[in-house]
Amino acid sequence: TAIDYREMAPAAAHRNIYLDKNGELIKGEGGSLVGYRAAGIPGTVRGMELALKKYGSGKLNWSQLVEPARRLAANGFTVTNSLARSLRNSDEYLSQYPETKRIYLKGGSFYKEGELFRQPELAATFARIQTGGPNEFYEGETARLIVNDMKRNNGLLTLDDLRGYVAKERVPLKGNYRGHEIISMPPPSSGGAVLIEMLNILEGFDLKKMEASSSQRYHVMVEAMRRAFADRAEYMGDTDFVKVPITGLIDKSYADTLRSTISTERASTSVEVRAGRPTGYESEETTHFTVVDAEGNAVANTYTLNSSYGSAAVVKGTGMLLNDEMDDFAAKPGTPNMYGLIQGERNAVAPSKRPLSAMTPTIVLRKDGSFWFTVGSPGGPTIINTVLCVITNVIDFDMDIQQAIDAPRIHHQWLPDEVVGEPYGLSGDTQVALKSRGHALAKQRYLGDAEGIMIEEKTGVRLGATDPRRSDGVAIGY
4 TAIDYREMAP AAAHRNIYLD KNGELIKGEG GSLVGYRAAG IPGTVRGMEL
54 ALKKYGSGKL NWSQLVEPAR RLAANGFTVT NSLARSLRNS DEYLSQYPET
104 KRIYLKGGSF YKEGELFRQP ELAATFARIQ TGGPNEFYEG ETARLIVNDM
154 KRNNGLLTLD DLRGYVAKER VPLKGNYRGH EIISMPPPSS GGAVLIEMLN
204 ILEGFDLKKM EASSSQRYHV MVEAMRRAFA DRAEYMGDTD FVKVPITGLI
254 DKSYADTLRS TISTERASTS VEVRAGRPTG YESEETTHFT VVDAEGNAVA
304 NTYTLNSSYG SAAVVKGTGM LLNDEMDDFA AKPGTPNMYG LIQGERNAVA
354 PSKRPLSAMT PTIVLRKDGS FWFTVGSPGG PTIINTVLCV ITNVIDFDMD
404 IQQAIDAPRI HHQWLPDEVV GEPYGLSGDT QVALKSRGHA LAKQRYLGDA
454 EGIMIEEKTG VRLGATDPRR SDGVAIGY
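Position 359 of the sequence shown, counted from 1, bears residue number 362 in our numbering, the numbering being contiguous throughout.
Don't read these hints as lab results, they were simulated from the structure.
Each hint should be verified, as a subset may be incorrect.
[As the list claims (entries may be wrong)] Distance condition first, Cα-Cα at most 30 Å in a straight line; then the derived BS3-like pairs of lysine-lysine:
id, residue 1, residue 2
1, K246, K177
2, K177, K154
3, K154, K104
4, K30, K212
5, K319, K104
6, K212, K370
7, K212, K177
8, K57, K212
9, K115, K319
10, K335, K212
11, K177, K438
12, K255, K177
13, K211, K255
14, K177, K446
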């Protein structure tokens, strides 16, 4: 099953809410990225409630499940090098709001590596949710704190917005790649559909005959990415509000049509690649965690504040950062969002609508239908291509889950028309070969932060894998 606890737009939101009188996007406070008006209705508490009610083992109650989070906030944790660096780099961003500045600064400067970071207000919020249950967040003292802070700061969220939030159980998307069932997230996430569309395109190429880090492999993967992301821009949105041709997008015959437009020798340009016609085939701070329990139940969970530190605003008295998920809507269709993604009318702002995301929690089965591995990642639009790279590394190049996560990745999202590689990921020869095919190479950066679990076929041993690209992830057994 798929549990959708994506944020929703407040009732006061409307199509042009983030445009100024000249029809241009509002920058800074009042826009879709920074401050109180950037926040969508939070869904995490309702999502966890739904998961516990329908799929909980019965061994732990709500209060017991919340306790580790409360304890961590109360007792604190040691600031890592990557967190200290992130705080320093976000100095100006986090200093915009007094409450945020008070919490994230210690004696006038940001926390340093090795220091203990405690969050007593957040711990108190968890304690209220522990005793009052999920309704406390949406109707109780925490809800009142959120709404009062919204009123003081010209925000959008109201008590009615919070009360009206509903987490939804949706049917996951299913594809098949070389005999393996791929199970992933449906809209309002674009991840599952785009992933399956790309896998369908790649299935027609013999990747196994290509070297894992060869320009041949990267070329056909980029061309699949280019076409699937063009379709994402045109067709994807919240299916509760708009019609999305999902069946066509993940149809094998549609992939055959797209594949026929790919030259193995020459790069397409994104100017010449437009969204296809799937209807004829109808019949950046994100967290991912993966769990497989003793009974073999598997969970792949991805959720996010959107930007690092969300909208930069902490609700007074809660210790809680607000998200800036409203930027995941097409605030001005056809204009890039913070990730450079072009989005269309189907993802325009509307009250109670859920914004499009790239989150791609995915489970892969063996050919006999048994669980094989699960994977997901943070990273904005690079999430989808991170998961794609990991899956093809495992299935086409016989890597285990840690090798597949460690291996170099590439990214292309249709627009901007450029291939993003990783530092030390593309050899000099590979870069030359890609350029000779007509690909434009962007400045290199690390892509995603994948986490995964694989069950070894012969022994049944669970292999936990965490990404070395960021130092704070960990694989543990229990």
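- Query: When you check the alpha-carbon spacing of K255 and K177, does it fall within 30 Å?
  - Reply: This hinted pair holds, its Cα atoms lying about 12 Å apart.
- Query: Are the Cα positions of K177 and K154 separated by 30 Å at most?
  - Reply: Not OK: K177 and K154 at ~43 Å, beyond 30 Å, violated.
- When you check the alpha-carbon spacing of K212 and K177, does it fall within 30 Å? holds, 26 Å
- Item | Straight-line alpha-carbon gap K335 to K212, limit 30 Å | violated, 44 Å
- Query: Do the alpha carbons of K211 and K255 lie within 30 Å of each other, as the hint requires?
  - Reply: Between K211 and K255 the Cα gap is close to 20 Å, so the pair holds against 30 Å.
- Mind checking the alpha carbons of K246 and K177 for me, to see if they're no more than 30 Å apart? holds, 19 Å
- Query: CA of K319 to CA of K104, is that 30 Å or under?
  - Reply: Holds: K319 and K104 sit about 12 Å apart, inside 30 Å.
- Message: Please verify whether K57 and K212 have alpha carbons no more than 30 Å apart.
- Response: Cα-Cα ~45 Å, so violated.
- Query: When you check the alpha-carbon spacing of K30 and K212, does it fall within 30 Å?
  - Reply: violated, 49 Å
- Agreement of K212 and K370 with the hint, judged by alpha carbon distance not exceeding 30 Å: The hint holds at about 21 Å.
- Item | 30 Å limit on alpha-carbon distance, applied to hinted pair K177 and K438 | violated, 35 Å
- Proposed proximity, K104 with K154 (alpha carbon, max 30 Å): Given pair K154, K104 holds - Cα atoms ~20 Å apart, limit 30 Å.
When the structure is compared with the earlier hints, violations turn up for hints 2, 4, 8, 10, 11, 14 and for no others.
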